[in-house]
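Generate coordinates for the entire structure from the input sequences, incorporating the hints supplied.
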Amino acid sequence: MSRPDIQLQPDGRLRHFLTIDGLGRDLLTDILDTAESFTGVSERIIKKVPLLRGKVICNLFFENSTRTRTTFEVAAKRLSADVLNLNISTSATAKGETLLDTLRNLEAMHVDMFVVRHADSGAAHFIARHAAPHVSVINAGDGRHAHPTQAMLDMFTIRRHKGEFTGLRVAIVGDILHSRVARSQILALNTLGTSEVRVIAPRTLLPADCRSLGVHIFHDLEEGIRDVDVVIMLRLQKERMRGALLPSEHEYFQLYGLTEERLQAARPDAIVMHPGPINRGVEMDSQVADGPRSVILQQVSFGIAVRMAVMSMALGSQAGGGE
Amino acid sequence: MNTHTKTTYLQDDAIDALLEQMGDRIRSLLRERAIDDPAMIGIHTGGAWVAERLHRRLGIGLPLGTLDISFYRDDFTRIGMNPEVKPSRIPFEVEQRHIVLVDDVLHTGRTIRAAMNEIFDYGRPASIMLVALAERSGRELPIQPDVAGVHMPLLPGQHITLTGPDPLCLTIHRGSRKERGDASEAETA
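Top to bottom, those sequences are chains A and B.
Residue numbers for the first sequence follow the numbering used here, so the first one is 1 and each next one is one higher.
Residue numbers for the second sequence follow the numbering used here, so the first one is 1001 and each next one is one higher.
It is worth saying that the hints were derived from the structure and are not from the lab.
Glycine included, C-beta positions come from ideal geometry on N, C-alpha and C.
Just so you know, not all the hints are guaranteed correct.
Cross-link-like lysine to aspartate or glutamate pairs, in silico, DMTMM-like; alpha carbons within 25 angstroms at most [unchecked claim]:
#1 A:77 to A:33
#2 A:77 to A:43
#3 A:48 to B:1012
#4 A:77 to B:1024
What follows is a set of in silico ranges between Cβ atoms, one per label pair, in the way DEER data are often shown [said to hold, decoys possible]:
#5 A:161 to B:1120: 28 to 38 angstroms
#6 A:163 to B:1082: 35 to 45 angstroms
#7 A:211 to B:1157: 57 to 67 angstroms
#8 A:277 to B:1035: 47 to 57 angstroms
#9 A:10 to B:1165: 28 to 38 angstroms
#10 B:1138 to A:163: 52 to 62 angstroms
#11 A:193 to B:1138: 17 to 27 angstroms
#12 B:1004 to A:208: 52 to 62 angstroms
Below, the structure written as structure tokens:
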């Protein structure tokens, strides 16, 4: 993994957005504030501002994700950028070389920003390291490593409902081991000053270095969500699951599935989040997913504003800075 | 070397008196143009302060709108994102509405161009009347105020800024913006 400061311009502004790691509280707060100002754009008759007119943004997806790609595309279009969508299936061999060739070809088409989704950890960093000086890279999920825009849209959703992070108890439930979302969320929550971050998972779905991330570990769902303000459910990464880490989905739901009854242990005003897509009846009951405490669809809307913020901050920082 | 000098030009009661004159002038212009249900929009930040007072003074029925033109600036690729963008709020239908657009200082005209572009993204107004507390030299676009509180021919290197909201104060600065260390809109106003 590269040094985190590859993400920043010499003046401290965001150049690439690859990971939460190494970014300070002020910058994360700037992202949230900027996103806040973009939320209104989606409510207008003309859902578009001319900020990135003439810029070319390329969605470079080496791993399928229709939803994430779509929200990046919508965000870019609301900023008036032109969007290229490239779905590239990875070949197992000579990946580095192929990636570089792809990159050079697209740069020759004067792309200003790459939004990269890849099954390998570090792919977005690799592209950022080799990108031309005027090009920005946004990580839209790399292997088990990071998914920083997802984490920031979750932070945005939490801040909208709960205000300050200090004083909050947040529980992240499920497959922490395979989840780049969880890693990014934990970093963001801690950077923003959350009082207590808990992870709730079976031992087989926790990474070995979990404790060093600054979290409290629980193996029992009801115990773990007692008095929390926010419950974040993770998707069971079935496609990433190799080997018998779980007995069965049914048994997983028995132990870790969120139901209205279990949710009683959380604070009465607790919100329930999920990065989508939900496996209904596996991570949570439909009653909870569609219930009054669920903010899952808001997360999708806020995701557009957060991605608009990150795109415009990164492309704006290419401008030379200050006045 | 600090070459920055700062002179208070108008404040408190003097600005109130100016706003009263401006209010009268706006009222008679509206009458002339047979507009009886105008809406008002102030441009963040200084223009919104001025608009708030004019809005009250004129007793306009529709709630006051505010615009932050950061997303419509023509110099984004030069200066980048302003981290303190306020959301634009237009709490009325723009379509077919007569609009009184208010800014604090009219300088190059670029802010007004951006503001008009933004207004048109909300709908097609029937008309736009431009009001500025102060109008200074240095126009770069063919944009003129319908009503201006004061006209000020300034020298190159001189800037005028409004501070507020309470009390409002117009200040003339001489020296570079960096030395002043403020972030107001004089550059593109």
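Exercise for the section: May I ask you to test the hint 35 to 45 angstroms on the CB atoms belonging to residue 163 of chain A and residue 1082 of chain B? Expected result: Since the Cβ atoms of residue 163 of chain A and residue 1082 of chain B sit about 24 angstroms apart, the hinted range of 35 to 45 angstroms is violated.
Exercise for the section: Could you say whether the range 28 to 38 angstroms given as a hint is met by the Cβ separation of residue 10 of chain A and residue 1165 of chain B? Expected result: holds, 36 angstroms
Problem - residue 163 of chain A and residue 1138 of chain B - C-beta distance against the hinted 52 to 62 angstroms - result: Roughly 43 angstroms apart at Cβ, these two residues miss the hinted range, so it is violated.
Practice task
Given the hint of 52 to 62 angstroms, check if residue 1004 of chain B and residue 208 of chain A actually sit that far apart at their C-beta atoms.
Solution key: holds, 58 angstroms
Exercise for the section: Given the range 47 to 57 angstroms, decide if the beta-carbon distance of residue 277 of chain A to residue 1035 of chain B lies inside it. Expected result: This hint holds: roughly 53 angstroms between Cβ atoms.
Practice task
Starting from residue 48 of chain A, check that the Cα of residue 1012 of chain B is at most 25 angstroms away, please.
Solution key: With Cα atoms ~40 angstroms apart, residue 48 of chain A and residue 1012 of chain B exceed 25 angstroms; violated.
Exercise for the section: Sort out whether residue 43 of chain A lies within 25 angstroms of residue 77 of chain A, counting only the CA atoms. Expected result: holds, 15 angstroms
Practice task
Take a look at whether the Cβ-Cβ distance between residue 193 of chain A and residue 1138 of chain B falls inside 17 to 27 angstroms.
Solution key: Violated, since residue 193 of chain A and residue 1138 of chain B (Cβ atoms, about 45 angstroms apart) do not stay within the stated range.
Handout entry: Range hint 28 to 38 angstroms (beta carbons of residue 161 of chain A and residue 1120 of chain B) holds or violated
Key = Between residue 161 of chain A and residue 1120 of chain B, where Cβ atoms are some 34 angstroms apart, the hint holds.
Practice task
Could you grab the alpha-carbon distance between residue 77 of chain A and residue 33 of chain A and see if it respects the 25 angstroms cut-off?
Solution key: With a Cα-Cα distance of about 20 angstroms, the restraint between residue 77 of chain A and residue 33 of chain A holds, given a limit of 25 angstroms.
Handout entry: Verdict for residue 211 of chain A, residue 1157 of chain B (Cβ pair) under range 57 to 67 angstroms
Key = The hinted range 57 to 67 angstroms holds for residue 211 of chain A and residue 1157 of chain B, with Cβ atoms some 60 angstroms apart.
Practice task
Mind checking the alpha carbons of residue 77 of chain A and residue 1024 of chain B for me, to see if they're no more than 25 angstroms apart?
Solution key: violated, 44 angstroms
Comparing the model with each earlier hint shows violations of hints 3, 4, 6, 10, 11; every other hint is respected.
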